[in-house]
Amino acid sequence: MGLVIRKPGVYTSIQDNGRFGYQGSGFSTNGVMDHRAYVIANLLVENDPDAPVLEFALAGPMLRFTTKTIIAITGADFAATIDGEPVPRYAAIMVKRGSILRFGAAKTGCYGYLAIAGGSVRVPEVMGSRSTNLKCEFGGWKGRTLITGDYLPFVTKGVDFLPNLGSHRIDPDPFYGFEEDEIAVRVVPGPQEDMFTEAGIETFYSQPYTTTTKCDRMGYRLDGTEIETKHGSDIISDGISFGAVQVPSHGRPIIMLADRQTTGGYAKIGTIATVDIPKLVQRPPGRRVRFEAITVQQAQELLREEARQFEMLALKVRRPSADGISPRRTARRLTPILEKQAMKTQADTLWIDRADRAERVGSRNALHYENSADANGNDRDNGKDRIA
Amino acid sequence: MAGFSITIAGDSALNLEFAHAISPETSAKIRLAAENLTADPIEGITELVPTFCSLMVYYNPLTITFDELSARLRGKLRDVGEADLSVRKIVQIPVCYGGEYGPDLANVARHAGLTEREVVDVHTAHDYLIDMLGFLPGFAYLGGLDPRLHTPRLATPRTRIEPGSVGIGGEQTGIYPLASPGGWQIIGRTPLRPYDPDREEPILYAAGEYLRFVPITPDEYAAIEQQLAANTYEYQIFVEDE
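Protein chains in written order, with the numbering used here: chain A, 1 to 388; chain B, 1 to 242.
Simulated from the structure, these hints should not be mistaken for laboratory data.
Note that the coordinates shown come from a computational prediction; the quantities given were computed from them, not determined experimentally.
Glycine is no exception: its CB is placed at the ideal position from the N, C-alpha and C atoms.
Treat the hints with care, since some could be wrong.
Said to hold, decoys possible - Within a straight-line C-alpha distance of at most 25 Å, the following computed DMTMM-like cross-link-like pairs (lysine to aspartate or glutamate) qualify:
id	chain 1	residue 1	chain 2	residue 2
1	A	Lys135	B	Glu47
2	A	Lys142	B	Glu201
3	A	Lys142	B	Asp198
4	A	Lys230	B	Glu17
5	A	Lys135	B	Asp198
6	A	Lys135	B	Glu162
7	A	Lys135	B	Glu200
Unchecked claim - Residues from chain B shown here face chain A by an in silico Cβ test under 8 Å; the list is partial:
id	residue
8	Ile8
9	Asp11
10	Ala13
11	Ile22
12	Cys53
13	Gly138
14	Ala207
So that you can see chain B by itself, here it is in the shape it has in the complex (with noise of 0.2 Å):
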């Protein structure tokens, strides 16, 4: 694996600095420590966060010292080979675009120069990267949206946004997991939950993994919407190897 830069945040947290730029590379190598740390636990480390170019360990001082987990950090991190990209968990998130669900999806046509029809071909044209999640519970940072479709924040904030809602804002999308106020275009809105309490995985997705946009009517909506009341609903979650 390539270097990372070890930072001091504190006497109970540290940060392995694997670029300053992101990419998907950076992405796989923090994934790939992650997934490191996680199957063969340093003792004293409490808790992971990655992020776009880093991740955060957090650790028991009292357990193990800085110096002690930098050492062993560098040891147990030299050679864990280079990351895979090959490989990618996807998680299906069916959006149903436009209309009700969707209120700015006209904006944002308008501001691409493109049909809905096409915005919403070109927004699920290709999966996305989750580069972090931070924010709000289950808020994911996705890299790779589509430069046609940048369009600039609402100039009026709505007060509030429904959870499941798919927006855009300058260059990013995402999903709004959670009711909040927000001033991103919203073109369309999932019937899934990002972020659900009393599910076994609070969180449909991780750091690393990508989501699949799949367009759905708004029948299907209502229909996968009573299968998740039900308990009936199967998340679709794939593994591709390219």
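One chain only, chain A, in its complex shape (with noise of 0.2 Å):
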């Protein structure tokens, strides 16, 4: 019980928060990309915020659920449609079993992302994470993207109920500024800045850069004007973390991303503020970008304002919503328990006839049928007799 993959779409692959505690030994951390995406989308359909999620890049997958379940899709915008019809993004959603979901190529940004409630797809943990390591071929599934005719089971089969559905959706994601021109990102100067002329960290943060399609899992190579260095910007190798700006002699800058190599020898001239990253992450090839120097307390400042909309967004979707009661769904699902509970009552009589004898004889004594009733479970005679 779980999803088959019908279309791939481009680079799909599981991932969670990364694989973290190797960098020693040389192994990527991997993880997801945009990693604001991938929270909200855990938090939409209650998962636990280290679950793992589909990400793709670019065009989408098309796949078929084999059973019933709640997703929520965040991210870039593929127009997702179930069975042709067009879903909402940052929402959670109920899904049919045989439904088909589609995505189309990116019509903003360039990675989605998938969350399956329940605990998402069952994968096994390698080295404390579910990301896939697509250079080693481990993690994830079976160590590599997905392809056509994959069956990826879930961890919990035939999900139909989160409380208060209605109130697990949020508007579209405004951090990104997908339709500005160019955007501002966030960078904390350093390690090695001191290797560039003042002339080159001047045209670092003045000057626009633009996304190429050099830009994968791996770093983000973008164009504009060279940024000039002291002597050269070889160092002797040191580590890389995510968001790093890499300047090779080349001039531009390199941003290493989820899948960069875990050091390297080039000269750093800052790192992307965390919080910053889905943004940049989430540029298509030829995007303007312009970097902003700020200090490493404000970035930490920052991610500290973002863990509290994460908490907010929390208590947010979880809160009850007139919207989240369907009248339908309800009764649905009371009818079932109502009618068994009417035939172990009396065989000839509807359970709205003893609602109302319990009505005239009192409110009192009416709950204490339904405490008898709910402390033994199925005493239901006895409550009947005590009524009548």
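Need the complex rebuilt from these two chains, each delivered in its own frame; the hints are there to steer you.
If you want it as structure tokens, here you go:
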């Protein structure tokens, strides 16, 4: 009971927060490119924050559900449809068994995410993570991107209920600036800013840079004015963090991302503030970016703000709401329970009659009836006798 | 412990920089700092990445801020003491040199003006310090290749080098942990898998440890391969105190 890939899309893989603790042995962290969209997707279906998701780029997959479940789609807009009907992003949606979810090409942004309620797809944890390591071919689904015919089982089959489902939606995230010609991305200077001339640093923070077609999970190569170094850009290899801005000898920045190598020998003028990495990775080729220096203290305050935002969001989506209550659904769920109760009570009496009688006997007795039936579970006949 | 400086690598990592040149002393200091932080962790540190001259410390800024962590690290690592270089952990790597496993041994010998036998003797004459791991899982950057064996890379890189291949590229020597393209002169191959995702410790060695290459015959190579397959091979790992 899970999903079957009909068409794989581009670079569709299983990712989570990433694999930590093995960079010292040369393993990339992997994990999602857009952490913000990932967190929100899991939050909308009430998964653990580190549950795996399907990540896809530029053109999304087509897949069929072999069981009912609840999903959420976040990140870029891939014009998703279920059985031909458009589906909203940033909302928990019920999906019927046999439904076909189809993503098109990205209309905005680059990366899309699909979260599945009940703990997502069932893939083994390898070295503390369920992310796919494509280079070493392990983790995720068989260590590779998904292909047509793959059948991915779910952790929980047949999920058909989340309390207050109607609240599990937010407005598509204005954070990214998808419509803007140019976005500002904040950068914490270092660790090798001192390898660059003052003019070079000035260039980096004042000139626009554009994303290119050489952008993937490993890194984003940007085009723009050459950044001047003092004596070339070779350093003794050291560690590369997520979002590090390497400037090789050609003078144009490469932003190191989820599948980056763990160490490298080019000077890094700065590191993108973690909260702004999603903004950058969602820039399709040929779009402008401008860099803005902030302190590490400011970047960490932004992270705390983001964490508070996620907490608020979690509260908001779980809040009861009027549009979450569907009379038809409620009736459908209640009918079999009530019918069963009625059968046990008295073959020839409908539950409504009994409720009426209870009403007549008095609210205190009725309450007593409820309690005794609850406590004893199958003690309905006694309850009836007492009322009668 | 001699001083280090702290550089900022974004909002979730920092570098402890111990020196600006590669040396066994620097390597030992980095290892000592890493051991200290592993044995008695500071809450919020998520991962340590030792490199040639620095130790990258990844941390969760929601648990500990840059300012708090820097202050704690400065205090904690002030009195760790001098690195003890006399204790070495050595991982023995059996290597079948030349022939099918080392197609470029003759190249290296010609370039060095030595016989193939002599190249093997020089290559196995001393242990190699692992300065750091990087590039590929289990790819060890080794210090101290004898200058006589320095050999330029192949003019045309091979599209596939078998895992376990031992090569020389310029002034460096090392083992390819995974099948990968590469331009190093391949002088031999080990039946051991430096990287094995199914082993309890996927990577056979760590930065700060030493590799000891030991020549074996093709028959011994086959025997070790069988033992590995049957899970009966005993890895030769020693601690030597000089």
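We went through each hint and held it up to the structure:
1. Using a Cα cut-off of 25 Å, the hinted pair Lys135/A and Glu47/B holds, with the two alpha carbons roughly 21 Å apart.
2. For the given pair, Lys142/A sits about 20 Å from Glu201/B by alpha-carbon distance, which is consistent with the 25 Å threshold.
3. With a CA separation close to 14 Å, the supplied pair Lys142/A and Asp198/B stays within the 25 Å bound.
4. Pair hint Lys230/A plus Glu17/B holds up; C-alpha atoms about 20 Å apart against a cutoff of 25 Å.
5. Note on Lys135/A and Asp198/B: the hinted pairing holds, with a Cα-Cα distance of about 16 Å set against a maximum of 25 Å.
6. Note on Lys135/A and Glu162/B: the hinted pairing holds, with a Cα-Cα distance of about 15 Å set against a maximum of 25 Å.
7. Of the supplied pair hints, the one linking Lys135/A and Glu200/B holds, its CA atoms being roughly 20 Å apart against a limit of 25 Å.
8. Taking 8 Å as the C-beta cut-off, the interface hint given for Ile8/B holds, the closest approach to chain A being about 4 Å.
9. Interface hint status for Asp11/B: upheld, as the beta-carbon distance to the closest one in chain A is roughly 4 Å, under 8 Å.
10. For Ala13/B, the interface hint holds, since its Cβ comes within 8 Å of a Cβ in chain A; the closest pair sits about 4 Å apart.
11. With a least beta-carbon distance of about 6 Å to chain A, the hint placing Ile22/B at the interface is held under the 8 Å criterion.
12. Contact between Cys53/B and chain A, as hinted, is supported at the beta carbon level, the nearest pair being about 5 Å apart and thus within 8 Å.
13. With 8 Å as the threshold, the beta carbon of Gly138/B comes within range of chain A, its nearest partner Cβ sitting at about 6 Å, so the hint holds.
14. About 7 Å separates the beta-carbon of Ala207/B from the nearest beta-carbon of chain A, less than 8 Å, and the hint is met.
When each numbered hint is compared with the structure, no violation occurs for any of them.
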